[in-house]
Amino acid sequence: MKTSRRTNWPVLLLVALGTIFILFPLYMTVTIALKNPEQMAHSAFAFPTELHWENFSRAVEMTNFFSAFQNSVMVTTSTVILTLLTNSMVAYAIARNMQRRFFKGLYFYFVSAMFIPFPIIMLPIVKLASGLHMTNLLGLIMLHTVYGLAFNVFVYVGYIRSIPVALEEAATVDGATTWGTFWRIIFPLMAPISATVGILTCLSTYNDFLLPLIIISDAEQYTLPLVQYVFQGQFNTDFNLAFASYLMALLPMIIVYLLAQKWIINGVTQGSVK
Amino acid sequence: MNKRLTTFYWMTVPAVLLFFVFLTLPALQGFYYSLTNWNGFGHQYHFVGFKNYINLFQDDNVGNAYWFTFKFAIVVTIATNILSLLIALGLNAKIRFRNFFRGIYFLPNILSVLIVGYIFNYLFSNVFTIWGQNLGITSLSTNILGSEQLAWVGVVIVAVWQGIAFNTILYLAGLQTIPTSLYEASNLDGAGKWREFWSITFPLIAPFFTINMVLAMKNSLMVFDQIVALTNGGPGRATQSISHLIYTGGFKGGEFAYQSANSVIYFIVIAIISILQLRFLQRREMDN
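Keeping their order, the protein sequence lines are chains A and B. Just so you know, my numbering puts 185 at position 180 of the first sequence, and the rest follows in order with no gaps. Just so you know, my numbering puts 251 at position 250 of the second sequence, and the rest follows in order with no gaps.
Hints are computed from structural coordinates only; laboratory data are not their basis. A virtual CB, placed ideally from N, CA and C, is assigned to each residue, including glycine. A couple of the hints might just be wrong.
[Said to hold, decoys possible] The calculated lysine to any residue pairs, modelled on SDA-like cross-linking and capped at a C-alpha distance of 20 Å, are:
id : chain 1 : residue 1 : chain 2 : residue 2
1  : A       : Lys267    : B       : Ala94
2  : B       : Lys95     : A       : Gly203
3  : B       : Lys219    : B       : Trp162
[What the hints assert, rightly or not] Here are some chain B residues the structure puts well away from chain A; computed CB gaps all over 10 Å:
id : residue
4  : Gly43
5  : Leu57
6  : Ile96
7  : Thr139
8  : Ile201
9  : Thr202
10 : Met223
[Claimed, not checked] Each pair of labels, with its calculated beta carbon distance range:
id : chain 1 : residue 1 : chain 2 : residue 2 : range
11 : A       : Glu174    : B       : Pro208    : 32 to 38 Å
12 : A       : Leu194    : B       : Pro208    : 39 to 45 Å
13 : B       : Trp132    : A       : Lys109    : 56 to 62 Å
14 : B       : Pro208    : A       : Ser209    : 21 to 27 Å
15 : B       : Arg196    : A       : Gly110    : 43 to 49 Å
16 : B       : Pro204    : A       : Arg11     : 26 to 32 Å
17 : B       : Pro236    : A       : Trp188    : 53 to 59 Å
One chain only, chain A, in its complex shape (with noise of 0.2 Å):
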């Protein structure tokens, strides 16, 4: 019997079946965001029949949309920024000094934390942080780039490994610094992985809420997962502006998600596997 080169039939039909499951509840946010309370009540799943664009434009007025996008689009941006030079960075003096006892005691130190859940520090880091003044989005921006540290020094480490030390030699004898060879030749050879980290950032930190829910008190420092659970808290009974602002808040990532999702995809799948 060999091998068939033909599309496997049954297999095919099973996995467009399931993407039932995932696509239904997707399906039932854009209906209801754009529906009447009149329309729901008369058939609770048909695509509506007429379009009431209102409910966003409502939801926008309510949740103070913009401002908490800006937020989350500020706070998102930043952490990745930061992330990745410094995390980078730390990850490059540990994985070329691995033989030193400091620096492989860092690795370790670093690395153990990926055991650490959050709840264990919460308590105690909104308190560390007020007397720090730093219950405001700078906080949000700095705790968001030390709790990722661990894992991903643990995959830069892994990386920065596998580029031969040659080149950096070669580069020292041309009369590069430390300094210059790193941002000259290692970090645009991190690509790749920096891209991975990245992404992974930016979809934590974009859909990260109990973070923000402990730090953050001022409404107008509200990140969008925050504005949803308030907005949820007084307003629950008009379903439809609800779910306005469900999709709004969901459809950045969506978006960005349509745009890069085979590098997403190789993203994570490269990240975690490491």
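Given chain A, put chain B in place with the hints provided.
For chain B alone, kept in the frame of chain A given last:
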């Protein structure tokens, strides 16, 4: 050469500083608070030794939270791994539009857990109930999130729906490392599909099985967002997870020191489980 080494030391400074201040220090502080009777906002507190720890073991709410969290984590870990392995096998088969389907199945992973929870909350209360009534299934015709016996199943469904995405992609990565020549050989030997799976596929993706089990377990032991969005710990305290208990008791219930002690226990439990899991699963990998 010495100057090079100095530069390397400087490179570690920002990360070490941030890490120490925002992770190590609070962890130590948390342990210190756990030995006091501080309520979290006053100025007065006393050192009480291990009293909080002793009380934890007699607290029904704590027992409840651990029971729910473990039950939840075990069911989610098993269900997520079985389903995502099946989906990964399907996506690795000879089918059309493979990349398109990969894209769809990974979609839930990029969505906010809280918002997904809210969406499912609505589905449970207003959509599935209609189906239940129309089909005459009594257990579905009322909102299961409102039932003390069934609410946890609702939380499991949402966690699995979203968790499958990540595990599927990892299994898929694992399946793609298996050389097709192995299957051609087993075909020649006349091995059936079932035999092929247990003798070739599963042993070869063992490292992926390990990482998926550990990740799924760790994530579900920390469940928080889903609880807030779906049940807020209720009905009663039927779905209160450990992290939800630490959050509500520590910040709103004036139990700062007491919940700090709970956090320390929680940390020890998670560390032990992760290490045991890694050891057990890695030993199994080597046997194969």
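Okay, the hints, checked on the actual structure:
1. A:Lys267 - B:Ala94: Roughly 19 Å separates the two Cα atoms, so the pair holds.
2. B:Lys95 - A:Gly203: Violated: Lys95 (chain B) and Gly203 (chain A) sit about 32 Å apart, past 20 Å.
3. B:Lys219 - B:Trp162: holds (17 Å)
4. Gly43: For Gly43 (chain B), whose nearest Cβ neighbour in chain A is about 13 Å away, the distance exceeds 10 Å, so it holds.
5. Leu57: Given that every Cβ of chain A is farther than 10 Å from that of Leu57 (chain B), nearest at about 15 Å, it holds.
6. Ile96: violated (4 Å)
7. Thr139: holds (20 Å)
8. Ile201: holds (13 Å)
9. Thr202: Thr202 (chain B) clear of chain A: closest Cβ-Cβ about 15 Å, beyond 10 Å.
10. Met223: violated (5 Å)
11. A:Glu174 - B:Pro208: 32 to 38 Å: holds (34 Å)
12. A:Leu194 - B:Pro208: 39 to 45 Å: violated (27 Å)
13. B:Trp132 - A:Lys109: 56 to 62 Å: holds (58 Å)
14. B:Pro208 - A:Ser209: 21 to 27 Å: 23 Å Cβ-Cβ, so the 21 to 27 Å window holds.
15. B:Arg196 - A:Gly110: 43 to 49 Å: 48 Å Cβ-Cβ, so the 43 to 49 Å window holds.
16. B:Pro204 - A:Arg11: 26 to 32 Å: holds (28 Å)
17. B:Pro236 - A:Trp188: 53 to 59 Å: holds (57 Å)
Of the numbered hints listed earlier, those contradicted by the structure are 2, 6, 10, 12.
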